[in-house]
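*Asks:* Sequential numbering from 63 applies to the sequence shown in the working numbering.
If you are wondering where the hints come from, they were derived from the structure by calculation, not from laboratory data.
What you are looking at is a predicted structure, and each value in this text was computed from that prediction instead of being measured.
Among the hints, erroneous ones may be present.
Here are the computed lysine-lysine pairs in the DSBU-like style, where the Cα-Cα straight-line distance is at most 30 Å [to be verified]:
#	residue 1	residue 2
1	LYS190	LYS171
2	LYS149	LYS171
3	LYS171	LYS322
4	LYS149	LYS190
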Amino acid sequence: MIQRRDLLLLGAGGALGLTGVPTPARAQEMPNTLPDLIDRSRQAVVAVGTFAATDNPRFGFRGTGFAIGDGRRIVTCAHVIPNPIEKDLMITVPAAGGASAQPQLRAVKLLRRDTARDLAILELADDKGALVDVLSLAEVVGDQPVVREGAAIALMGYPIGTALGVTMATHRGTVAALTRAALPAPTSNTLSERAVRQLRDGAMEFLQLDATAYPGNSGGPLLDIRTGKVVGVVNMVVLKGTRESALSAPSGITYAVPVKYVWPLLER
């Protein structure tokens, strides 16, 4: 039986106005090719997790996130953030020297969480300055979709997490469908009145992708290769069987939360 599951790490624990949105630090320019897009976006895509000095490893990877706006805010999925939060939240920022360079560990705090949409906004909680590289969110105009079916997309993140040494990877694919579905809450504790209403109405849109994602990709940016802008946040994958089949027999069908749901969360 085909099931949908959140992209959590196995064994871990995966026209709206622009008013009030900060000016970007250094958003990526228009990419010409996928390699260009990766080069310009890499350092804005971070690993999200928890930190405890007594844990081994001390950084507990939970998913992916990406920097936006003024370089002090991070978008990720709500299910990537533990509930309740019992340890310090941290991100690791890729170093400019590439895969061999040591990533930078930064403290963050939860700014806003929307469990009904599976989205969360984090904010830097230290005095080390803003992140230099940020991603640009696609603008939403009325009810028009920000990306068309058949569009070439790339999803960036940290598949399998620490099993691959917290290495950022990019997978490409296409937008297979613009669909609607109800997003189940991970626990009954998160079933707010708003969430129950959305489950009943099924009033949530998703981007269905012909692309392979893995545990650890949750919260990562979905990029329109043509424009280089974020059009969604990766959050679910179709499983053919058990949870382990996400690794041994990936379905190649992934879902993302459209960016139209990110904008209101930023403007609260």
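*Asks:* Hint by hint, note whether the structure agrees.
*Replies:* The hints, checked one at a time:
1. A threshold of 30 Å between alpha carbons decides the hint, and for LYS190 with LYS171 the separation of about 14 Å falls inside it, so the pair holds.
2. Restraint check for LYS149 and LYS171: the C-alpha separation of about 11 Å stays at or below 30 Å, so the hint holds.
3. Under the criterion of a C-alpha separation no larger than 30 Å, the hint pairing LYS171 with LYS322 is consistent with the structure, at around 23 Å.
4. With a C-alpha separation of about 21 Å, the suggested pairing of LYS149 with LYS190 holds against the 30 Å cut-off.
Consistency with the previously given hints is maintained throughout, with no hint failing.
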